[in-house]
Structures are given as structure tokens and as C-alpha cells.
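Undergrad: Listed below are the residues making up each chain.
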Amino acid sequence: MAMRRQSVVLGMLLTPVTLFLGVFFLLPLCIIAVFSFLSPGLYGGVEWSFYHWNYGRIFGWADGIIEIYEPIYLQILFRSLSFAALTVGLTLILCYPVAFWVSRLSERWRLVFMFLITLPFFSSLIVRLYAWLLILKPSGLLNTVLLSIGAISEPLEILYTPTAVVLGMVYVMVPFMFLPLYSAVDNLDRAQIEASLDLGANRLQTFLKVVLPQTLPGIMGGAVIVFIPSVGNFVVPDVLGGAKGLMIGNLVEQQFLSSRNWPFGSALSMIIMAVVLTVLLISASRARKAGGHA
Amino acid sequence: MTHLLEIRNARRTFITPEGGHLAALDGINLDVGANEFVTLLGPSGCGKTTLLRAISGFETLDSGTMTLGGADLTALPPFRRPVNTVFQSYALFGHMTVARNVGYALEVAGVGKASREAQVAEALEKVGLAGMGARRPSQLSGGQRQRVALARSIIAKPRLLLLDEPLSALDRNLRQQMQLELKTLQHALGIAFIFVTHDQEEALTMSDRIVVMRSGHIEQIGTPREIYRHPKNRFVAEFIGETNLFPVTIDRVDGETALARTAEGVEMHLPSAGRKPGEQVTAILRPADFNLGPTGIPGTVTRAVYLGSDLYLFVQPQAGGPEIRVISRDGAGFDEGAAVHLAHDPARVHVLEAA
Ligand SMILES: Nc1ncnc2c1ncn2[C@@H]1O[C@H](COP(=O)(O)OP(=O)(O)O)[C@@H](O)[C@H]1O
Ligand SMILES: [Mg+2]
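Protein chains in written order, with my numbering: chain A, 1 to 294; chain G, 1 to 355.
No wet-lab data here; the hints were simulated from the structure.
Fair warning: there could be bad hints in the mix.
[As the list claims (entries may be wrong)] Selected chain A positions facing chain G (Cβ under 10 Å, derived; list incomplete):
#, residue
1, I158
2, T161
3, T163
4, D189
5, R190
6, A191
7, Q192
8, E194
9, A195
10, D198
11, A201
12, N202
13, R203
14, V210
15, P213
16, L216
Glycine residues also receive a C-beta, built at the ideal position from the N, C-alpha and C atoms.
Here chain G stands alone, though its shape is the one from the complex (with noise of 0.2 Å):
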């Protein structure tokens, strides 16, 4: 299958103003599909917008090599380029109206203006914006910014949309209206997205692909679910999610399961496919993988936080060693300073073969 977008050992180094040397792009091998929503997701300083603006124009690549549709992207200017760039401050043009700003591509490319108003009606339609086109950028609120920016950016039908941490400047509930939103429209759209954010419940929700990065290299590349359930290290685990990691040796394999053993003596039930009795290994558990009941690993509750239907709870565990994050659903009785069990199905365990 060929994709839409081919990166090849992607590298960029900045020097900083101390002298020294930055990997910002640090061989980055990227393929993304004709209509995939693919989320860069990363720490802050990881090389997420300088990789956008790779694929953009705006900064050159040291080595490596860029494909759109089998055609190399990296001799073209920015202006050549089939990508267009929803970009964090939204760079909306301030002494334009909504209109003509929406319809900037076409009125550069020569589009006639009966052509172009129509576009960009229906373009404002699209983004919930109908009949606001008279308007100043400044007398729009931060959402309906967004949205112009939105709207500017996929008028011409580009076959790759870049959105750099859109939607970070907008307050919770629109920010997860707007999730939804883009989403829709990028099915809508039929084109392919590639989402910054730093937001791992963002990256979760809307993704088809998540890219793990971290200061200049890809961690990992899958699907939400693959991301979350199989993370390939500790990083990826610790930064997607709540997570508790056991590091652990195996005391015994019996059957499906084996037994293992932090430094303190929790006890964990493991997968016991591939486990062999003294390695070394690190347990992954989920918040939500814990049930809490008569068996399992003693310990006390150390903070109960409610919210809303779960109950969040820190567990002390009794033989000692770090707490534990659960999540109860039930959510009934657990105060600070019960005694609780906790017991796990030894499938849920994500096994690292690293300590």
C-alpha cells in the first residue's frame, strides 16, 4: 500500500544559542494514509511543530526525504506545497474581514470573486460560522477564531491538513466540542490530518494513529488502543495515561500465568507466555485494571479523590513500595485509611521485557 505521506530519516538540528547541537528531528520515519487522522503526541520541546513545519516548507530538513503522493516534497516552497497549516495562534489576517480571510487561497489563485463567495459561504457553513463573514477577526470570540482558521485552511481542498495544537488555547467543554467537530470533518473532508497536541486524552479521542515522540525520535506508532494497552516502554506507558509500573521478577510460571515479585513483595499475576522463572521484567497496570474485593494485594487507602461517578484512590500497599493508582467504579465506601485488597486479571498485565 503507498501512503499519502512518505518521511524518511527526517533530520533537523538547530544550533542552540549556547553552541551546542539540537536534534530537533532526530530520524523520523513517518508514513500516513490518504484520509488518516495520524496525532503527533509528545512532551513539549520533542520536535512536534518542527516536524510540521518540515512537512509545511517552513524549515528545511538536514537529510532525509519528504513524498506527497509519490512526489518530493522537499524542493517545493512553502506556497507549493498541496498541505495547508491550522497554526496555534490561528495567524489570522487582522485587517481582513472573516470572508476574506477564508477565502484567501482562492482570491491568490486567481479564483473569480462569484466562485470564491460561494466557497466561502459554504466553507463558513461548514464550520458553524453561516453569515459571519462581515465580521473583523477581533470581534470574534478564541472558539469562532478557531473556526476561521479552520475554514481558511481547507477551502482549497488540500490533501493534508496540519493543525499545530489547535485547539490549546480554548477552554475544556469547547475544546471537546471542537474534538468531536474535527473529527467529523476530517471524515467529511475525506483528507488526512496530521493533530499536534501534547494532550494524551485529545491524542486518545480523536486519532486513528497515535505518534509517540520524544526529543527528536518517534517512541511509538499504533492505535489508541495499542498505544494504551501495549506501550513499548516506560516512557509511552507513563505518558499515556494514569499508569502503575511494577518492576519485578518472575518467581514462578504455572501454566497461563506466572508469579512475580517487586523488590518489596508485591505479589503480580503475569501472562506467562515467553516468562522465565528469576527475569527481570516491568509490570504494567491501569488505574481501572484493579478490582477491589476480599483478595489481592493488601494495603490502605491513603486519598480518596471523587470524580464525579469514579472514585480515584491512592493505595499504600502493605508490603511497601510506591502507591498505587485505582480507579473504583462502584465508588461506594473507601475512605482514607481502609484497609483494601487489591486484585487484577493477570491478562490486563502489560509486560515490558526491561526492567
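Chain A extracted, bound-state conformation (with noise of 0.2 Å):
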């Protein structure tokens, strides 16, 4: 009685939040699939009538023509992958020592640490993507530097390459792997450490049988958040990429902006949808195993 009386309210409680979802998430989902199997309209939007083949071209059977294989989308798919990967993992170690030597730190100079990382967050995306390009264009600061103290004979060739995309996307998702990371070092236990290293264990032992388990629910939890938006970014590679730094974002940009394919938008923005849903849940079935009973 009691517990139905419980969830009456508890659903009640919950009414905003399932509308809120339902609105500005669960219903653009259901839009986006529909119009997935739609044809595109003339001057953007859709026809009415089902057309499947916009999955066919993605996998590489343009126009439902077997015979000509092309798998172009699957190669930038599986690039935006591969970059998402890259970032996950220099931005988890570039961020994991530093969480470490910032939990270290006082308490005035961890503050001061935090405001420094989350002050990017306060000045717009694009103008610091800018300001990458005038570092490492051609006769930009690095190649200038690089230049003068004669490290190099001639300019790096480094914007509108990979290289420029993969940086400006850790560049970008640093703080979102170090907050995670950050509270997952602080919340380690130190007695636990000092127990391992009485125990006989050395410093790798010790961080490989206490430290990394520990932090691990951090680790996944940054790289998850870093690795969802980055498959799917298209400012970054819009603004540092060329040709071979294009991701399956700006192929979804384009649908709905230059080429007037919604439906090939809408069906590419679903593969990316589908990709991402089996990392997370991956993940989370790998934390759950982990995590154990804790």
C-alpha cells in the first residue's frame, strides 16, 4: 500500500522531467528516425515515401546500385572513431598525473587550479578554435618559434591536417576529462595506499593493484563524456581540418546545411546514435563488473 502510494508520488515528482526528455529529446529521436527512411526533398526537408537505401549508401551501396561498392562514409565513420579514440586517450594521460599533482596541492592553489581549467568554458568555442589557427598556421606563432630557435628548417605543416583536428579536440575536451578524473584521485582513499605499500607491494604494484581500480569508475565516467561529443564534432575539424580531417559531423552538417539531404543527415546522424549507445553500454556493463558490490 504504502510502497504503490510511494511510487504515485515519486511518478509525480518525475512528470517534469519525463516531459522535458520527452520533448526536446525522445520526440527530435523519433523525427530523425522517421525522416531516416524518408526521401530527400528538392530544396531540403522530405518527401513523403520510403526510401531505405540512405542506410545502403552509408554502408557503401550508393543509390541501391550493388554492383559499384564505395565505402567512403564508413571510412570517415571509422576515422571520427579512431579520432574520438585518440582523444580519449592523450587526454586521459595527459589529465591523470596532473589530477594526481593537483589533489596535492593547498586548498588555495587548488582553487585557483580549478577556476584555470574551467575558464575556458567562459569565452565561445570557435574563438578559441581561432586562435589554434593563427598558432599553428604556416607563419604562425609555433612555426615562428620553432623557426627562430631553429628547431626546424621549415614551417610544420600542421593546420588542415589530422594532427590539427586531434589537438584542437583534446584541446577542447581536456576539462571534460580532468573533472571526472579529478574527483575520482581526491576521493581515493590514502590509507588504503599506505596499506598496499605496507603490505610489501611497490609503487607499480601498489598503483596498478590499488590506485588504477580505485580510480577506474573516473577513467570510464571522463571517457565516456570525452568520447561521445567527439565522434560527432564538426567545429573542430570545420575550423582546424582539411580534406583528410573531415568527421561524420560535418557529413551531418552538410546534409542539413549545403547538400539539402535531410534523410542521409537524419540516417548518419542515427549510425553515430547506434555507435555511441554501444560504447556507453559497454561501459557501463564493464563498471558494473568492475564496480562489483562497492
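Assemble the dimeric complex from its two separately framed chains, guided by the hints.
TA: Structure follows, in C-alpha cells:
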């Protein structure tokens, strides 16, 4: 009896959340799903006739022509996935040691650092990426400095390459990796590290057997938070990437804004979403297994 | 006789947040025998944890030496010291099973799985947790966690086990049970224990020797009996057990006993050895050292507290001065307001030279 009343109350409390998610998340998702099975309209929009070759095109068979196989979209999808994975790996390598360092700072310096790491959120992403453009271009800051100290004899071609895209994404994603990592590192039980050393484990063993497993939730959290927006990112490759830096997000953007093929853009979005969901589910089940009953 | 652990002139100073210097260890000298149960006893902040951490290697000394079995300890990192610790918070690994926690020292030492499992089972058996190996620490009670921490710390057969207030989180009954079990375990293992507590009762029941500490230095080292009956100074006397302190002036010496008086005029009889008339000393008497009878210091009961079989009395001497605390074993018929006389055996009086 009491249980039922509780669940009714809970339901009422959750109504605004449900409504919000329904209107701003589920509904658009359904629209995209439906659009992905329609034909494109002449000037954008959709024709209300069923068409399933949008997906065929992504997997390499354009417009139902089985004879020609050109998996260019799959290649771009894989490139996006590998860029995103690389971004996750690099931000992790960068942030993990820094998180330990920051957790050891005095209260005051820790606050200063936390302010610095959240500072980028206060300015426009586009502006910050254009700053990188100025740094990376052939006559930019990086090349000028390297040339003048004689480290290189010719300007490095970084801008409009995959390197520039990954660099830009790492730059954008660092705070998202840092915050969950820091929280995990800060919650580490120092006594357990000492217990491990006390029981004869050296520093490496202690790291592998105690520190790493205990910060794993933070690592997983950071990885997911960085991976998802990285896969679909189009702003960074737009500004810093050339043709070889094109990512799946750029394709979606193009389909909606310039190519006026909404159904194809929708199909691409659905694929991204499917990939991201798969990654999420795998990492969630992994986390459940690793976390056990803890 | 050589000792297992020898600490000489150990010093450690911390810089306080206010910029001052705090001598957490202020010239510590301590020897511990190969299977001795030594207790560090002292108020919070006196340096007990710091001393333990210096022995286990988590705190460095500013100066002084430390040897274990004749070998220098100070240069070794914690994981190379044949010393293990039972942490106050237990510090169990939450992401591992009980069995893996207990076997951790063997696992990192590269002991094979079969031998490890056998030793883990044996260690769990020893602390009364047989069959609990598959659980997680979070699925255990406080007392059981304590036992896991204990099993984990003895499995690698350290020569010295350090225990930092291991019983402080347990309730009274469990604590008393664990006190006995720890003592039994220490005998069975034949290794040295250094046990930290701020509970004097615990120290008295468990220790071979007690080290009384105060603000970074050692006030007295001795057997529980020595510490209790012959405290070296006021601090030790007051810290260990209930105490009555009487600052007195020797009036006259009369064969075996001396007569002394407090400023208010309360009369005491002390052992006369070494006493001279006019000398000012402090006489110490434990509550149980008084007998309620027809003679002795006259006074009035101001409060009577029943402690099971004993009756705890606060007696205001007629002459004045602070109340005297008395334990009466027979217990009958002393209500508040009753007039009593407190007699004592002069031989039971402990005398501190300083007044
Ligand atoms: N890392 C540290 N930094 C500064 N002061 C410390 C540090 N560790 C201990 N102290 C100080 O040293 C003194 C002794 O501490 P501790 O050994 O923990 O005492 P106990 O265990 O007897 O309660 C305390 O005053 C404590 O505040
Ligand atoms: Mg302490």
C-alpha cells in the first residue's frame, strides 16, 4: 500500500523531467528516425515516401546500385571513431598525472587551478579554435618560434591535417576528462595506498592493484564524456581540419545545411547514435562488473 | 640483551599551518623485545601515530636512528620493512574480496596461488572468519573488518606488528573480547606488537610494557603495575587510572611511617624511607586504597555512584581541600551526606618528590 503511494508520488515528481525529456529529446529523436527512411525534398525537407537506401549509401552502396561498392562514409565514420578514441587516450594521459598533482596542492592553489581549467567555458569555442588556427598556421606562432630557435628549417604543415583536428579536440575536451578524473583521484583512500605499501607492494604494484582500480570509475566516466561529443564533433574539423580531417559530424552538418539531403543526414545521425550507444552499454556493463558490490 | 627494535633520539618536527614548529617526536628512545607487547599510551596529539608511522616508514625522522634486528630501518621504503600495520580505519581494499585482501601481501610477493589460498584460509581461521573469504569488506560488520585487517597484516609473518588504535571504533563488549584475542594471537605468533591507544584501561589489561607519552616525548616506560603503582610524575599518575593527589608537607618521621599534612590540614601517613620533616612532596593514593572505617580522615559523602559490585564515593574532607575519590568494595549503606572516616595503609601511598 505504502509502496504504491510512494511510487505514485515519485511518478508525479518525475513528471516535469519526463515531459522535458519527451519534448526535447525523445520527440526529435523519433523525427530523425522517421526522416532517415524518407526521400530528400528538392529544396531541403523531405518527401513523404519510404526510401531505405539512405543506410545502404552509408554502408557503401549508393542509391541501390549493388555493383559499385564505395564505403567512403564508413571510412569517415571509422576515422571519426579513431579520432575520438585518440582524443580519449591523449586527454587521459594528460589529465591523469595532473589530477594527482592538483589533489596534492594546498587548498588555495587547488581552487586557482580549478578556476583555470573551467576558464575556457566562459569564452566562445569558435574564438578559441581560431586562436589555435593562428598558432598552427605556417606563419603562425608555433612555426615562428620553432624556426627562430632553429628547431626546424621549414614551417611545419600542421594546420588542416588530422593532427590539427586531434590537437584541437584534445584541447577542447581536456576539462571534460579532468573533472571526473580529479574527483576520482581526490576520493582515493590514502590509507589504502599506505596499506598496500605496508604489505610489501612496491609503487608500481600499488598503482596497478589499488590506485588504478579505484580510479577506474573516474577514468570510465571521463572517457565516455569525452568520447561521445568527440565522435560527432564538427566544429573542430570545420576550423582546423582540411579534407583529410573531415569527420562524420561534418557530413551530417553538410547534409542539412548545404547538400539539403535531410534523410541522409538523419541516417548518418542514427548511425552515430547507434555506435555511441553501443560504446556506452559496453562501458556500463564493464563498470558494473569491475565495481562489483562496492 | 639486544632488542628487536631500537629507537634512539628520534625527532620529527612539523611546520604548523600557522608557521610554528611542532615537535611531534621530541627525542624518543625506545627498545622493544622480540615478542613483547608494548603499548603507546597518551592523550590525542602526543605523537603516537607519528611514532608508528616513523617505524612503518610513512614518516621520516629529522634525526635519530632506528634499527630492527640490528639493521638500519631509516633508509628502507615502507614496502621493504619487515613490519606490518593494522590501520585505525582498517584501510581494507574495497574493490577486492576478503580473501584477496588477506592474501595481498603474498600476492605482491609472488607466492603461488595454491600456497596463497592455503595460507589465506589459515589466517582467516586464526581470526575467526573461516569461510568468509568470498565476501566484500562492505558486507562485513565493523568487528569483522577489524579481523580482516588483522589477518591481512599477519599473513606475511612480520617481525613486528603495529596497531594504531585498532579497537577504538568497536563497542565496549566487542572491544574487550578483541583485547583478549589480540593478546592470545600475539602469544601464538610469537612476534612483537606495538599497540597504540589513548585508553588507559586497555593499556593496563593488554601490555607487557606501557610507554606513556606526552607532547612528543616519553614520560615513563614500565610494566602496567609499575606505571600504576609507581608513576614517575603527576601527569602519569593522573593519566593512568583514577587518582587522588595530595600535596603535603612532612610533619614528622616515626619509624616506618611519616606523618604529613596538606595545607588544609588533612593528615596522611606515608612510608618514611628518605623523608625529612618539612619536606614538601605529593602523596598519591588510588581510590581502592582507602578503607572506610571508624578511624582515618573524617569527611562527608557528597556523591555515591553504584558501579555494579563497587560503590564509588566522593568524600569531602572535613578539613577542606579537594574531594577524595574512594571505591568501597562492600558497598553497603553509604548514602549522600553520610559521615565517614577514610583510613589507608601507609605502604600503599606512592610519593612523588616534587610537591
Ligand atoms: N603531516 C603533519 N603535518 C603537520 N602536523 C602534523 C602532521 N602529522 C601530525 N601532526 C601533528 O603532530 C602531532 C602528533 O600527531 P599524532 O602523532 O597523530 O598524535 P596522536 O596519534 O598521538 O594523536 C599533532 O599535534 C598533530 O597535529
Ligand atoms: Mg593517532
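Undergrad: Determine for every hint whether it applies to the structure shown.
TA: Cross-check of the supplied hints:
Checking I158/A against chain G by beta carbon gives a least distance of about 42 Å; that is not within 10 Å, so the hint is violated. Residue-level restraint check for T161/A is violated (minimum Cβ-Cβ distance to chain G is 42 Å; threshold 10 Å). Because the closest C-beta pair between T163/A and chain G is about 38 Å apart, greater than 10 Å, the hint is violated. A hinted interface residue such as D189/A counts as satisfied when its beta carbon comes closer than 10 Å to some beta carbon of chain G; here the least separation is about 7 Å, so the hint holds.
Of the supplied interface hints, the one on R190/A holds, with its beta-carbon coming within about 9 Å of a beta-carbon of chain G, less than 10 Å. Look at A191/A: its Cβ gets to within about 4 Å of chain G, closer than 10 Å, so that hint holds up. A least Cβ separation of about 5 Å between Q192/A and chain G falls short of the 10 Å threshold, and the interface hint therefore holds. Given hint, E194/A at the interface with chain G, holds; its Cβ is 6 Å from that chain's nearest Cβ, closer than 10 Å.
The interface hint given for A195/A is met, as the beta carbon of that residue sits about 4 Å from the closest beta carbon of chain G, less than 10 Å. For D198/A, the shortest C-beta to C-beta distance to chain G is roughly 5 Å, which falls under 10 Å, so the interface hint holds. Hint status for A201/A: holds, given a least beta-carbon distance of 4 Å to chain G, under 10 Å. Annotation: N202/A was flagged as interfacial toward chain G, and the flag holds, the nearest CB pair being 5 Å apart, inside 10 Å.
At about 8 Å, the closest approach between the beta carbon of R203/A and any beta carbon in chain G falls short of 10 Å, and the interface hint on this residue holds. Interface hint at V210/A: satisfied, since its Cβ lies 6 Å from the closest Cβ of chain G, which is below the 10 Å cut-off. A hinted interface residue such as P213/A counts as satisfied when its beta carbon comes closer than 10 Å to some beta carbon of chain G; here the least separation is about 5 Å, so the hint holds. This hint holds: L216/A has a C-beta 8 Å from the nearest C-beta of chain G, less than the 10 Å allowed.
Hint compliance for this structure: hints 1, 2 and 3 are not met, and every other hint is.
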